[in-house]
Amino acid sequence: MTDYEIVIGLETHIQLNTTTKIFCSCKADSWFDPPNTNICPVCTGLPGVLPVLNQAVVEKGMLLAAAMHAEIQPVSYFDRKNYFYPDLPKGFQISQYDRSLARGGYLDLPMPSGYVRRVSIHKLHMEEDAGKTKNAGRERLIDFNRCGVPLVEMVTGPDLRSADEAAQYLIRLRQLLRWIGVSEADMEKGHLRCDANVSIRPRGADYLNPKTEIKNVNSIEAVRDAIEHEAARQIREVEAGNRIEAWTLEWDEDAGVLRKMRSKETEADYRYFREPDLLSLPITDEWKERVLAGLPELPLERRARFMQAYGLPEYDADILTGERNLSDYFEAAVQAYGGDPKRVSNWLMNDLLRMLNDTGRTADQLKVTPQYLAEILKLVDANTVNTSTGKALLAKVDQSGKAPRAIVEEEGLAQVSDDSAIRAVVQEVLNESPKEVESYRAGKVTLMGWFVGQVMKKMRGKADPSLARGILEELLGGG
Amino acid sequence: MSRALLDLSIKEALHQLRSGEISSRELTQASLDALEQLEPSVQAFLTRTADMALRQADEADARYAAARRDPQAVVPPLLGLPIAVKDLLALEGVRCTCGSKILENFVPPYTATTVRRLLQAGVVVVGKTNTDEFAMGSSTENSAYQLTHNPWDLERVPGGSSGGSAAAVAARMVLAAMGTDTGGSVRQPASFCGVTGIKPTYGRVSRYGLVAYGSSLDTVGVLARSAEDTALVFQHMAGQDDLDATSMDLPVPEYRLEGGDLRGLRVGVPKQYFIQGIQPAVEEAVRAAIRQLELLGAEVREVSLPHTEYALPVYYLLAPAEASANLARYDGVRFSPRPEAENLWDVFFNTRGQGFGPEVKRRIMLGTYALSAGYYDAYYAKAQKVRTLIKRDFETAFEQVDVIAAPIAPTTAFRIGEHTDDPLAMYLEDVFTLPANLAGVPGLAFPVGFDPQGLPVGMQLMGAHFDEATLFRTAHCYQQATDWHLRKPQWIG
Amino acid sequence: MSLTLEEVEHIANLARLRLSDEEKERYRQQLSAILEYAARLQELDTSQIPPTSSVLPPRSVLRGDEPRTDLTLEQILANAPQSEERQFRVPPVLE
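Residue numbers (the UniProt record's numbering), protein chains in the order written: chain Y, 1 to 479; chain A, 1 to 493; chain B, 1 to 95.
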């Protein structure tokens with residue numbers, strides 16, 4: 001039985017989050033708008049109109065190219081890709097063919113089992129989106145809102161070796177796009193669309209076999225499922241002695257099956273030629289420098305730095321570089337705190353992240369700022385409040401926006417560390433719970449936690465729990 | 001008859017409008033009356049916009065009146081002037097057919113930048129003129145709607161594709177008409193109709209609102225009865241436009257056409273343009289005109305544009321290639337009459353099969369072929385390289401001379417129907433005009449004589465990029481010393 | 001350079017032009033003649049010559065990212081041969 005390896009290449013279309021479309025001043029985001037409301041003569045391809053390039057599109061393209069470690073070209077060109085479809089009003093799409101914005105590039109995928117898959121980028125170019133066709137009974141309705149929305153198309157080399165890797169690519173890409181702020185990359189809204197090219201070969205072979213193309217898979221799970229199904233199908237076919245044909249397939253998510261698509265044009269002849277309505281696009285070093293100055297430290301770079309400089313474990317570093325606001329928050333908190341970054345990390349990952357998820361916010365929207373978090377940690381470190389009070393302070397600061405110290409004072413939350421005060425309460429608890437005292441002295445030492453809890457309850461959480469425990473142990477006789 | 005008003009030059013008409021000697025309404029009404037009377041024979045217009053024109057005329061008159069009361073008032077420079085607009089240029093709310101059935105009902109929701117600028121300058125638009133379908137043709141016979149007749153001989157073509165505009169000016173129905181020139185479509189009809197017309201430098205004038213044919217070649221121009229009049233209108237059309245990325249941001253000079261002579265001007269005569277096959281009367285008139293330029297003080301010398309003979313095959317590969325893409329939008333989805341179709345592909349095939357005329361289909365197919373897989377290198381790519389050679393020919397020549405004087409067409413106006421069965425023969429009419437479009441240089445056409453049948457002969461002056469000023473000045477000087485441009489077809493009266 | 005009927009049909013298909021048999025033959029002849037004439041470009045050595053796709057020099061012509069509501073929406077829809085619920089209507093693709 002042959003051992004096969006799966007060879008996957010991914011083609012993604014990324015919707016840039018500029019305010020206007022690529023070649024006209026219509027609003028680019030039509031998600032909440034009725035059909036055909038963000039249109040104009042240019043994006044509906046009326047006779048006599050001309051495209052004019054949106055500067056923000058080029059600049060976001062440049063950021064993306066740099067984040068993918070690709071070489072931004074000093075001159076690039078637009079080309080017409082000619083084909084007929086009702087949602088393509090001009091009968092051609094303005095794209096970039098052989099002299100696109102950037103060349104080369106790669107994306108590294110750290111995989112859970114510890115290795116890193118480097119995925120090469122073969123194509124990175126700008127183009128305009130087409131409209132949307134909707135089936136309505138026997139007929140089809142066309143909405144041109146999406147026409148002219150700016151896209152970056154990226155094509156990887158056949159470098160992925162499993163459905164999981166393909167999923168990772170999309171996860172990392174989505175993270176990166178949001179991180180550098182060029183796209184919202186919400187697959188459900190179509191901001192990130194993916195086609196997968198799949199083939200198989202005997203493990204160790206270096207040639208490529210015919211591939212099939214799986215089009216328009218709309219979620220990361222769907223990409224994983226579709227690729228797994230297709231790889232399995234190809235293996236079955238090959239084992240049965242059949243050849244793999246270069247089909248185009250679509251994934252039916254509900255039914256969990258792949259379907260062969262009608263081939264639109266047997267071999268589409270796009271008759272690419274230089275777009276005469278747009279001049280060639282020179283990108284000077286000055287312009288490039290200016291734009292790339294806005295490129296932040298990238299997620300994987302920061303992840304490595306967090307592990308190295310802050311000594312964080314990979315798990316923490318991953319979460320803390322998953323999303324930019326959270327990551328920036330963490331770093332600011334560490335700077336403000338000055339103590340062990342792992343401590344900041346724990347509080348962030350356990351408590352603050354939950355708060356964010358519950359309220360659907362990002363870290364920059366918290367009223368408990370990094371500085372306030374640092375203050376809370378220092379209060380706990382200094383034993384001014386105990387840990388559970390400290391955690392409760394998070395919510396209080398977030399609600400009121402007031403400084404932690406101010407709240408501690410106002411509400412009298414300072415920890416009680418006075419031996420005699422605690423001792424008195426401990427004595428009370430012991431007096432009130434003779435049965436438990438007896439159990440404890442008989443050997444049920446797990447009751448200590450309960451005793452501490454009772455003391456904390458009576459002292460409204462303000463007791464220094466370690467002091468309380470110490471006194472309890474003393475009075476109970478060590479157990 | 002108020003027809004005499006239409007004999008006024010634009011310069012003179014504006015003067016009289018300003019002084020109140022004539023009103024725009026009178027002038028516009030004269031124009032509309034001329035249309036009534038002459039259109040049955042000439043057929044230059046596809047759409048008349050009489051109501052709009054009279055409204056614009058009245059508005060113009062009100063503004064003039066107000067200005068006469070207030071000497072500080074600034075009046076738009078072309079206020080009240082009746083012009084025609086070629087039906088390839090969008091004018092909001094007015095049907096724009098491009099000479100094609102596929103746009104039979106198309107009403108553009110916007111106005112072309114050049115038209116908008118002239119409207120802002122105060123013109124009155126009396127109608128849209130006939131054109132070869134999508135500007136593809138050299139006789140206006142390819143219009144899907146009607147034949148336009150040359151006012152000098154109604155059995156003959158007015159030239160094309162701006163035949164309607166040229167005829168409208170020659171027949172003195174309007175004082176100026178907008179045209180377009182992709183391969184000679186302003187200059188050749190100007191020559192056939194004995195009027196003056198400018199093809200600007202590519203990039204001098206906005207193409208926004210000009211229905212595209214050959215995007216790297218298309219220009220918007222204007223026709224009138226003299227260089228001076230042409231310049232007066234052109235002045236307000238030219239200039240960079242934010243809606244057209246191929247319009248250059250160079251300032252538009254003031255085209256001052258002072259009198260004087262041509263001393264210091266170096267005129268080049270390209271030997272490749274005086275070949276066998278030119279009608280003798282054409283060559284004679286053009287050479288006489290060149291001698292006239294010499295008499296006016298110009299220095300004339302021979303120049304060489306060695307790749308001239310290749311302009312035709314280059315053009316007839318590049319222009320159709322661009323057109324095949326530009327015309328792909330006519331698919332029956334968003335505009336166009338849509339024949340019955342069961343099936344989406346039928347919508348496309350039937351709309352286009354029925355809506356386009358034979359010349360358009362021919363060029364679409366030629367262009368599609370030149371771009372198609374396996375043929376791109378030998379045809380399209382090759383043509384683009386030869387285009388570089390043609391452009392360099394001009395750049396070299398303009399190192400030695402300031403303008404190049406040449407014939408516009410090998411013949412005077414031919415008979416209607418003469419070339420219909422032979423597309424290649426029709427294409428050969430364009431040999432002298434195509435090079436300027438390929439090189440992007442400006443060309444000014446003006447009448448320099450008549451042939452024995454009384455048909456006009458035109459000459460063109462081609463200039464360096466963005467040097468329309470020298471062309472206007474030279475032609476103006478010529479027109480001060482000659483009177484070909486003042487002649488009028490006798491039956492017009 | 002003579003085109004075959006199949007080639008003419010292929011091009012007409014690429015260009016979505018429905019042609020009658022008579023048209024196909026006529027265009028076959030006419031296009032062949034034109035392409036024959038165009039073949040003379042092969043006489044020229046252009047191996048060292050760059051192509052001209054625009055006579056204008058390269059230039060960054062860029063637009064700002066400010067939105068403008070177009071006022072022509074209704075007019076654009078008004079030109080449609082068939083429409084429904086603000087959308088352009090076309091028949092389905094049939095096999």
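For the record, the hints were derived by calculation from the structure and aren't laboratory data. Some clues are possibly wrong.
One side only, chain Y facing chain A, incomplete, derived with CB under 8 Å [as the list claims (entries may be wrong)]:
| id | residue |
| --- | --- |
| 1 | Leu46 |
| 2 | Val52 |
| 3 | Ser280 |
| 4 | Ala421 |
| 5 | Ala424 |
| 6 | Glu438 |
Cβ atoms here follow ideal geometry from the backbone N, Cα and C, with glycine treated the same way.
Verification of the supplied hints:
no.	hint	verdict
1	Leu46	7 Å, holds
2	Val52	5 Å, holds
3	Ser280	11 Å, violated
4	Ala421	77 Å, violated
5	Ala424	82 Å, violated
6	Glu438	87 Å, violated
Hint compliance for this structure: hints 3, 4, 5 and 6 are not met, and every other hint is.
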